[in-house]
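Assemble the whole structure, with the sequences as input and the hints as a guide.
Once you know that position 76 of the first sequence is 76 in my numbering, the rest is easy, because the numbers rise by one and skip nothing.
The reader is advised that the hints may include incorrect statements.
For lysine-lysine, the following DSSO-like pairs were computed, each having C-alpha atoms within a straight-line distance of at most 30 Å [what the hints assert, rightly or not]:
| # | residue 1 | residue 2 |
| --- | --- | --- |
| 1 | K190 | K231 |
| 2 | K91 | K245 |
| 3 | K190 | K245 |
| 4 | K91 | K105 |
| 5 | K105 | K419 |
| 6 | K105 | K190 |
| 7 | K419 | K91 |
| 8 | K278 | K120 |
| 9 | K190 | K120 |
| 10 | K517 | K326 |
| 11 | K467 | K105 |
| 12 | K419 | K326 |
| 13 | K245 | K214 |
| 14 | K326 | K278 |
| 15 | K214 | K190 |
| 16 | K485 | K517 |
| 17 | K189 | K91 |
| 18 | K419 | K190 |
| 19 | K326 | K245 |
| 20 | K245 | K231 |
| 21 | K419 | K467 |
| 22 | K231 | K189 |
| 23 | K91 | K467 |
| 24 | K190 | K94 |
| 25 | K467 | K326 |
| 26 | K105 | K120 |
Computed beta-carbon distance windows for the label pairs [claimed, not checked]:
| # | residue 1 | residue 2 | range |
| --- | --- | --- | --- |
| 27 | R489 | A465 | 21 to 31 Å |
| 28 | G488 | G584 | 52 to 62 Å |
| 29 | L409 | D305 | 43 to 53 Å |
Hint data in this document are derived by calculation from the structure and do not stem from the laboratory.
Glycine residues also receive a C-beta, built at the ideal position from the N, C-alpha and C atoms.
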Amino acid sequence: MMLGTARRFGVSHALRATAPRSISARLATQLPKWQAPSTLSSLAATRSLHSSFPRLSAATAEATVEETEPSKSAMITEFSDLAAENLIHNKIIKNIIQPDRMNLKTMTEVQSLTLNEIVKGDDILAQAKTGTGKTLAFLVPTLQNILNDPSVDVSKVGRRSARTGPSEIRALIISPTRELAEQIAVEAKKVAFGTGLIVQTAVGGTQKRAGLAKIQQEGCHLLIGTPGRLKDILSDPWTGVSAPKLNTLILDEADRLLDQGFAPDVEEIQSLLPDPTKLDRQTLMFSATVPREVMQMVRQTLKPDFKHVNTVREDEVPTHHRVPQKLVYTRGLENSLPALLELAQNWQARRDNGEDLRPFKAIAYFNSTAETKISADAFNNMARNSQFRQSSMGNMRMLEINSRLTQALRTRSADNFRKAREGILFSSDVTARGMDFPDVTHVVQIGVPRDRETYIHRLGRTARAGKEGEGWLFMHRAEQDVYRKRLGRLPLTLDTALETADADLSQTFSNDTSVGKIVNQVTEGLAQCDGATKVKSYMGQLGTTTGNFDSKREAIQALNQMFTVGYNMQTPPELSPRLMQQLGLNRIDGVSMGDGTRQRRDGGFSRGGSRGGFSRGGDRGDRGGFSRGSDRSGFSRGGERGERSGFSRGGERGERSGFSRGGDRGGFSRGGDRGSFTRGGDRGDRGDRPSRPRRAFDESFGNDSFRF
DNA sequence: AAAAAAT
Numbered sequence: 001m002m003l004g005t006a007r008r009f010g011v012s013h014a015l016r017a018t019a020p021r022s023i024s025a026r027l028a029t030q031l032p033k034w035q036a037p038s039t040l041s042s043l044a045a046t047r048s049l050h051s052s053f054p055r056l057s058a059a060t061a062e063a064t065v066e067e068t069e070p071s072k073s074a075m076i077t078e079f080s081d082l083a084a085e086n087l088i089h090n091k092i093i094k095n096i097i098q099p100d101r102m103n104l105k106t107m108t109e110v111q112s113l114t115l116n117e118i119v120k121g122d123d124i125l126a127q128a129k130t131g132t133g134k135t136l137a138f139l140v141p142t143l144q145n146i147l148n149d150p151s152v153d154v155s156k157v158g159r160r161s162a163r164t165g166p167s168e169i170r171a172l173i174i175s176p177t178r179e180l181a182e183q184i185a186v187e188a189k190k191v192a193f194g195t196g197l198i199v200q201t202a203v204g205g206t207q208k209r210a211g212l213a214k215i216q217q218e219g220c221h222l223l224i225g226t227p228g229r230l231k232d233i234l235s236d237p238w239t240g241v242s243a244p245k246l247n248t249l250i251l252d253e254a255d256r257l258l259d260q261g262f263a264p265d266v267e268e269i270q271s272l273l274p275d276p277t278k279l280d281r282q283t284l285m286f287s288a289t290v291p292r293e294v295m296q297m298v299r300q301t302l303k304p305d306f307k308h309v310n311t312v313r314e315d316e317v318p319t320h321h322r323v324p325q326k327l328v329y330t331r332g333l334e335n336s337l338p339a340l341l342e343l344a345q346n347w348q349a350r351r352d353n354g355e356d357l358r359p360f361k362a363i364a365y366f367n368s369t370a371e372t373k374i375s376a377d378a379f380n381n382m383a384r385n386s387q388f389r390q391s392s393m394g395n396m397r398m399l400e401i402n403s404r405l406t407q408a409l410r411t412r413s414a415d416n417f418r419k420a421r422e423g424i425l426f427s428s429d430v431t432a433r434g435m436d437f438p439d440v441t442h443v444v445q446i447g448v449p450r451d452r453e454t455y456i457h458r459l460g461r462t463a464r465a466g467k468e469g470e471g472w473l474f475m476h477r478a479e480q481d482v483y484r485k486r487l488g489r490l491p492l493t494l495d496t497a498l499e500t501a502d503a504d505l506s507q508t509f510s511n512d513t514s515v516g517k518i519v520n521q522v523t524e525g526l527a528q529c530d531g532a533t534k535v536k537s538y539m540g541q542l543g544t545t546t547g548n549f550d551s552k553r554e555a556i557q558a559l560n561q562m563f564t565v566g567y568n569m570q571t572p573p574e575l576s577p578r579l580m581q582q583l584g585l586n587r588i589d590g591v592s593m594g595d596g597t598r599q600r601r602d603g604g605f606s607r608g609g610s611r612g613g614f615s616r617g618g619d620r621g622d623r624g625g626f627s628r629g630s631d632r633s634g635f636s637r638g639g640e641r642g643e644r645s646g647f648s649r650g651g652e653r654g655e656r657s658g659f660s661r662g663g664d665r666g667g668f669s670r671g672g673d674r675g676s677f678t679r680g681g682d683r684g685d686r687g688d689r690p691s692r693p694r695r696a697f698d699e700s701f702g703n704d705s706f707r708f
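Here it is in structure tokens:
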């Protein structure tokens with residue numbers, strides 16, 4: 001059926017011959033609000049329910065053609081037809097469709113809708129949902145265009161002295177992350193296999209000299225890289241790598257590359273390329289999201305008559321309809337990891353019960369690198385436990401990835417997760433965009449993400465290529481306002497099934513209950529993490545929580561509670577007056593403020609010689625790390641006042657926070673024993689929590705103080 | 001102090 005349709009429409013030369021008319025004119029003058037007709041998206045959605053990759057059907061093709069191509073151009077939907085029309089090189093087609101190679105048959109919407117335009121040489125902004133083949137959409141026609149260039153010599157295929165050099169770059173692809181650049185390159189090499197086209201990468205974190213040597217030796221037609229390294233090698237005349245013949249510039253994840261952080265680099269790279277008024281240059285932009293704010297940048301960067309190919313209706317969300325998105329309120333920040341473990345265990349238990357579910361393979365996203373680390377550490381600690389190993393969780397890989405790891409470790413984690421059958425990847429936003437890990441069943445976002453686009457792209461790591469997947473967002477109640485503002489219109493539904501999400505973790509739990517088992521495992525895993533990691537995690541979350549929470553006061557209380565109850569630490573790190581001011585915390589209760597005499601040392605925090613580590617009260621001989629009762633107001637200023645209160649003076653919220661001693665809930669034993677704090681006094685088993693090994697920070701930090 | 005990205 002599809003094939004017949006494709007043939008009916010598949011007239012490539014007609015496509016090439018027809019000039020784009022009204023649509024480009026329209027786009028040039030007004031905000032490009034062109035979009036695929038409604039039938040398209042609804043139909044795609046329906047089809048995807050049947051777990052097929054949303055392809056172009058006959059009906060949609062027709063509708064789309066009319067809408068997008070007033071010139072009645074045709075639409076091709078089968079890769080094999082591209083060969084018949086002699087539009088795309090036979091070798092490329094073979095690489096795509098052969099079962100022992102990429103094994104693809106039918107093109108996706110973006111691929112169909114952009115191919116002819118790209119071959120024609122038009123500038124394009126293409127928007128399509130995550131996991132619908134955007135990479136291939138720009139690779140195939142771009143590689144073809146290079147082959148079409150008579151000045152490109154690929155005649156010496158397979159021989160050592162191919163007549164290409166480091167200045168033969170015809171197309172450049174910029175990616176916002178190193179792993180994505182590498183992934184695109186892998187795909188590009190598959191497509192280009194046997195054509196003689198040379199694909200190279202240039203990303204940071206790798207040996208520059210080795211990379212350069214490779215390009216110098218083998219030459220390069222298509223270069224793929226990240227902004228910093230591309231800038232570096234293209235601006236340095238000594239490298240010999242240059243692009244005087246460049247015809248095509250591709251911005252993958254274009255909205256990201258055009259935003260604040262990247263735009264200057266991208267502009268600088270453009271300035272290193274041949275003057276577009278002298279050598280015609282095609283620019284292609286691809287992304288699942290293009291927020292309004294960047295449209296101006298898009299328009300500035302593309303030619304005035306660029307095409308906006310949008311397969312996502314403007315009133316539609318660029319997520320997949322088939323992906324259930326669940327929202328979970330957590331009682332405190334410390335509940336996230338137990339809830340994550342519970343989610344994984346529940347899933348595995350259902351599998352054990354014979355339900356037809358794929359193995360649990362999840363990405364857990366955090367808003368700070370330090371939090372990814374402590375979470376990965378904690379889960380790795382748990383996974384070492386024999387009870388855990390023998391459970392249905394036993395075969396899970398626990399992996400970590402973020403930009404603070406060495407590139408070697410990053411690459412290893414990504415590779416391992418790709419290969420993993422089941423496991424959890426604890427990730428920062430390095431992997432949020434474009435990464436294609438096969439068979440991810442769950443995306444769990446912990447904390448409201450920094451913006452809507454981030455949410456959408458993270459979610460897009462699951463349910464790719466027609467597969468199923470679930471999205472989860474764990475969020476503190478006090479993030480509601482920012483949630484509504486950023487994600488309010490997305491289709492999340494409240495889920496209250498995870499028991500540990502709402503458990504009061506200041507209690508003691510018995511291993512006889514399922515909740516207790518989970519909580520105690522996490523507690524123990526965290527207890528084995530070192531103190532510095534905990535402090536960094538606290539500090540790392542300061543920025544996002546104070547920004548995300550309904551009030552700064554709530555943010556601090558939640559963080560302090562996470563630190564004491566979740567991490568089993570005594571007193572939260574002191575903050576310098578300067579930092580407090582920057583965070584707007586000056587008049588917030590519950591903050592430990594240092595006296596500002598810190599000396600900077602590695603990583604932005606300083607160790608003040610004599611000041612107690614984390615200013616624990618006990619060893620200083622004063623009243624213990626916590627203020628109790630409502631007598632104390634204000635906060636401590638380091639030690640010079642001799643008092644340590646730190647936080648939570650009574651107050652209506654006090655009792656929730658796990659410290660703030662009323663005595664009724666157990667809370668906190670201060671006193672000289674520094675450390676042991678016993679929660680759950682009301683249950684009568686104080687101090688007997690199953691797993692409370694001596695905290696690592698006692699050893700590693702001694703009496704030193706950390707102020708920030 | 002909060003992703004990422006050159007050394």
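Practice task
Assess, step by step, whether the Cα of K245 is no farther than 30 Å from the Cα of K214, and give holds or violated.
Solution key: 20 Å, holds
Practice item. Take a quick look at whether K419 and K190 sit within 30 Å of each other, Cα to Cα. Key: 19 Å, holds
**Prompt:** If you draw a straight line from the CA of K326 to the CA of K245, is it 30 Å or shorter?
**Reply:** It is violated: about 49 Å lies between the C-alpha atoms, which goes past 30 Å.
- Between L409 and D305, does the beta-carbon spacing fit 43 to 53 Å? Distance hint for L409, D305 holds at roughly 46 Å.
Assuming the hint says 21 to 31 Å, is it satisfied by the Cβ distance from R489 to A465 or not? With a Cβ separation near 26 Å, R489 and A465 satisfy 21 to 31 Å, so the hint holds.
Run the distance test for K245 versus K231: straight-line Cα separation, threshold 30 Å. Roughly 17 Å between the alpha carbons, so the hint for K245 and K231 holds.
**Asked** Holds or violated: K419 with K326, Cα cutoff 30 Å?
**Response** Status holds; Cα separation ~27 Å.
Between G488 and G584, is the Cβ distance one that fits in 52 to 62 Å? 24 Å, violated
Review point. Straight-line Cα separation of K105 and K419 no greater than 30 Å?
Key: 24 Å, holds
ask   = Do the alpha carbons of K105 and K190 lie within 30 Å of each other, as the hint requires?
value = 15 Å, holds
ask   = If you draw a straight line from the CA of K419 to the CA of K467, is it 30 Å or shorter?
value = Holds, at roughly 17 Å.
- Could you grab the alpha-carbon distance between K190 and K94 and see if it respects the 30 Å cut-off? Satisfied, since the Cα-Cα distance of roughly 10 Å is no more than 30 Å.
The structure shown violates the earlier hints numbered 14, 16, 19 and 28.
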